[in-house]
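Construct the complete structure from the given sequences, taking the supplied hints into account.
According to UniProt numbering, the sequence shown is numbered sequentially starting from 1.
Hint data in this document are derived by calculation from the structure and do not stem from the laboratory.
Please note: incorrect hints may appear among the correct ones.
Pairs of lysine-lysine residues, derived as PhoX-like cross-links and limited to a Cα-Cα distance of at most 20 Å, are as follows [stated by the list, open to error]: (1) LYS204 <-> LYS186; (2) LYS113 <-> LYS22; (3) LYS131 <-> LYS192.
Derived Cβ-Cβ restraints for the label pairs, each shown as a range [to be verified]: (4) GLY130 <-> GLN35: 49 to 59 Å; (5) GLY92 <-> GLY211: 18 to 28 Å; (6) ASN73 <-> GLN26: 42 to 52 Å; (7) ILE191 <-> GLN26: 53 to 63 Å; (8) GLU48 <-> HIS17: 16 to 26 Å.
Each residue gets a CB set at the ideal place from its N, CA and C atoms; glycine is no exception.
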Amino acid sequence: MNWKTSLPLRVAVLDDHPVVLKGLEQCLAKDPRIQVAGLFRASVDLLEHLGRSPADLLLIDYVLGPGDIDGLNLIRLLRSRHPATAIVVASGLRSPATISLALRAGASGYVSKDRPMSEVSAAIRAVASGKRYVSEPVAAEIGVPMGEAGERIRHRPADPLVLTSREHEVLRCLLEGDSVSEIAAKFSRSIKTISTQKTSAFRKLGLRSLGELYKLRNHVYDLLGDGSPSRSGRE
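Shown next as C-alpha cells:
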C-alpha cells in the first residue's frame with residue numbers, strides 16, 4: 001500500500017462493543033488523511049460492505065460477539081477475499097502466541113487495547129506505509145524489532161515466524177504427546193538439539209509453555225500445513 005497515492009486512507013472498523021467503536025471513530029477522525037469508511041459490530045456486515053465498497057485498511061477486534069468467527073480465521077478470510085487490504089488488529093489479548101499467529105495469518109499490525117488511543121493511529125500510519133507494527137513491549141517478546149510507539153519503522157523486518165523443517169517436526173511430535181527425549185530418540189538427535197529446536201519454535205510463535213501450545217493446537221496444526229496431526233513415526 002502506498003499512502004501517498006491513496007489519500008484519504010479508507011479505514012473500516014470492526015468491534016462488537018459500541019463504546020469502543022465510537023472511541024475509535026473519534027480517534028481516527030482527528031487525522032485528515034484518514035476516512036472512516038464504516039463501523040461494524042459483526043464480521044458478516046463488514047464482509048458484505050467490503051463486497052460493495054473496498055477499504056484500504058481494516059481495523060478489527062480479535063474476539064467478536066457470540067457466534068461470530070474467531071479472529072484468526074477472520075484474518076485468513078479477509079486476506080483471501082481482499083488481499084490488497086491491510087489489516088490491523090486492536091485487541092485486549094496480549095498473549096505473544098496469539099499475536100504471532102495473527103501476524104502469521106496475514107495481519108500487518110497488532111495494537112493492545114490497554115495502550116493509548118494514539119497508538120492506533122501510529123499503527124495505521126506504519127502499516128499504511130508498508131511496515132509492520134506491534135505494540136511494545138510485546139514486540140520484543142516475539143522478536144519483531146520496533147521503534148518507540150508512534151515512530152515510523154525504517155525497514156520492514158524479516159518474517160520472524162518462519163519455522164524450519166526441524167522445528168515443524170518437533171512441534172508436530174509435541175502436539176502428539178511426545179516428550180523431548182522421545183523426539184530425540186525418534187529422529188536420532190541429541191536431547192540438547194531437540195530442546196534448542198523446541199525453544200526456537202516456541203519463541204517464533206510466542207509460546208511460553210506446552211499448555212499454550214495445546215490450547216492453540218488447532219491453529220498450530222493449520223500453521224504447520226495440513227490441519228491434522230502428523231503420523232510420522234507412528235506406523
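Which hint numbers doesn't this structure obey?
Hints 1, 3, 4 and 6 not satisfied by this model.
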